[in-house]
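Colleague: Residues in the sequence shown are numbered consecutively from 1, following my numbering.
Because the hints were derived from the structure by calculation, they are not lab data. Accuracy of the hints is not assured; some may be wrong.
[Stated by the list, open to error] Each pair of labels, with its calculated beta carbon distance range:
{"#": "1", "residue 1": "Val-404", "residue 2": "Lys-187", "range": "41 to 47 Å"}
{"#": "2", "residue 1": "Arg-164", "residue 2": "Asn-453", "range": "19 to 25 Å"}
{"#": "3", "residue 1": "Gln-457", "residue 2": "Phe-100", "range": "53 to 59 Å"}
{"#": "4", "residue 1": "Lys-187", "residue 2": "Arg-377", "range": "34 to 40 Å"}
{"#": "5", "residue 1": "Arg-164", "residue 2": "Thr-424", "range": "42 to 48 Å"}
{"#": "6", "residue 1": "Gln-457", "residue 2": "Ser-480", "range": "21 to 27 Å"}
Just so you know, even glycine gets a beta-carbon here, dropped at the ideal spot from N, CA and C.
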Amino acid sequence: MKVDKCLPEHGPALCQTAYFRLRDAWFLAIRGPLVFSCLLFLFVSLGVRAQSNTPQPPGTSQGTPPPPTPMAPSGPVAASRPSNPTATTHITPEQAKQLFSSVDAILQFDSKETGLPVLHPVKRRLVTRDEVEQYLMRQLQNDRDAKRLQRSELVLKKFGLLDRDFQLKPFLIQLLREQIAGYYNDKTKTVNLLDWIPPDEQKPVLAHELTHALQDQHIHLEKWDRETDLPIAKNARQDNEHIATDEEDTVRDAVVEGQAMAVFVDYILAPTGKNLLTAPQLADKMNQAMSDTGDSPTLANAPLLLQRSLIFPYVDGLDFVRAVWTAQGREAAFAGMLDHPPSSTYEIMTPAVYLNHGPVPLLRMPDIHSLIDPQYRPYDIGVMGEFDVQVMAELFGGPAVAKVLAPAWRGGIYYTAQNKAATTEDAQDTPASLALLYLSRWTTPQAALAFANLYEQQVPRKYDHAVIAPAQDSGGADASTITRIWNTSEGPVVVAVSGKTVFISESFPVDLARKLEFVMMGSIVDSATSVAVQNEMPQKDLTTDLRHWLLAMSVPEMLRGHKVY
């Protein structure tokens with residue numbers, strides 16, 4: 001994950017880099033840059049410089065690196081940045097030598113912090129801005145990735161998480177051009193250093209990236225981040241295979257990035273004698289800073305979903321690692337977490353569940369193919385995880401609503417199908433060609449009803465000519481079901497609430513939607529052991545493909561050998 005992003009006003013202590021990890025798809029392409037720049041802004045504002053300008057004395061490359069020197073930011077420092085941050089500049093041969101020699105020292109620092117041993121030296125390579133940009137652009141032209149990105153984009157637009165007129169690919173290209181940074185390649189076992197950024201500005205980034213090298217030596221990241229590129233599900237068994245592998249990549253991203261962020265924080269704080277555990281308020285301030293996108297015009301104007309998805313592995317990952325480290329010690333937070341990783345965003349966002357080996361909510365799909373296959377082609381299926389619900393609730397109702405609703409989530413799955421009447425490429429490239437099902441469970445009937453009301457309020461925003469039909473309070477899975485139907489420009493929207501369960505159908509004909517409601521809600525109401533059982537481990541969520549897309553395009557992870565899916 002990584003990418004550099006320096007603006008003239010940031011100053012050398014701030015402009016170190018930002019990086020995004022969008023692994024197995026274009027979603028993996030842009031995550032790191034903004035995050036790191038925000039972190040650096042925070043620490044400079046605290047009066048801590050990332051690295052001393054004093055050259056390392058001979059013989060220090062194998063030991064702990066000299067701690068960074070505290071330095072308060074000032075106007076002249078910021079003004080010292082070149083007026084054009086993207087102008088082609090190159091470090092000197094002496095600077096390159098200094099940068100290469102720092103790798104071993106920082107690797108030893110990382111090993112001491114994590115408890116992960118250095119099993120062998122890490123190769124290093126100097127790369128130019130052109131090399132990095134050309135690689136990214138080649139990935140953006142990958143037809144397979146383009147199709148996956150398009151699929152994710154259409155589903156997110158159908159949910160209302162992206163506006164219909166938002167174009168994801170141009171946004172990603174623009175963001176990629178803003179942000180490029182050093183990165184570790186787990187396929188070649190090489191850390192790639194940048195020939196246009198001064199060494200002292202790259203060293204904190206190296207502390208982060210070399211943590212990935214230690215993780216790689218411990219569990220082989222290329223295998224650990226195993227690909228879950230399943231074909232489109234065409235039957236109930238395949239549906240549930242998709243659900244069972246839906247959040248795995250997301251949470252493993254959060255583990256590796258959260259650990260690397262913890263080491264990065266400790267490296268920055270080393271000269272103060274503090275660390276992540278002794279100064280937890282600094283991590284809280286850092287999370288607040290990372291949520292501020294003001295330094296990146298592109299990301300500041302991005303949909304909330306993209307903003308939150310890009311920082312999730314870093315912000316929530318860091319909080320998760322810190323919680324485990326505090327409760328169970330260093331070994332549990334690093335080697336133990338790599339050996340026994342969490343399986344859901346629910347665990348990442350609720351560390352006590354992971355620490356206590358608690359159950360993770362998971363709903364399973366009943367067999368609906370005999371009902372939909374005559375008129376529809378399967379398109380996408382997955383988990384609507386707690387992270388997705390948090391973003392959706394914040395987008396639809398604001399931060400206060402999200403803070404209350406997201407913790408009340410207890411499982412969710414979605415299914416999309418494409419109408420066979422959409423026969424042309426143009427017709428298939430629009431959300432109007434899709435029909436959507438969404439089933440969710442909540443801690444209380446009140447939470448279920450609150451979510452249903454919140455979701456329903458967005459129907460007029462999502463669709464033209466949305467008109468609510470006469471109220472219908474029965475006829476669903478049981479007599480207590482509350483059902484509301486909207487007629488829209490893209491077909492009916494059905495929202496049904498039964499106890500703690502919410503069923504939503506969009507664009508399926510009403511008769512078919514009611515049958516699907518009966519099957520899906522009935523599987524929960526009638527039997528806790530039939531289909532919709534809980535306490536299993538979800539592996540991927542609604543926005544996983546998008547996050548991977550962004551992560552994968554962010555030079556770091558893509559060049560680390562992660563495959564796109």
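Colleague: Please go over all the hints and tell whether each is borne out by the structure.
Modeller: Now the hints, each set against the structure:
1. Against the hinted window of 41 to 47 Å, the Cβ-Cβ separation of Val-404 and Lys-187 comes to about 44 Å, which satisfies the hint.
2. Checked against the given bound of 19 to 25 Å, the beta carbons of Arg-164 and Asn-453, roughly 23 Å apart, stay inside it.
3. Remark: the range hint 53 to 59 Å for Gln-457 to Phe-100 is upheld by a beta-carbon distance near 57 Å.
4. Between Lys-187 and Arg-377 the Cβ separation comes to about 35 Å, which falls inside the hinted range of 34 to 40 Å.
5. Against the hinted window of 42 to 48 Å, the Cβ-Cβ separation of Arg-164 and Thr-424 comes to about 19 Å, which falls outside the hint.
6. Against the hinted window of 21 to 27 Å, the Cβ-Cβ separation of Gln-457 and Ser-480 comes to about 23 Å, which satisfies the hint.
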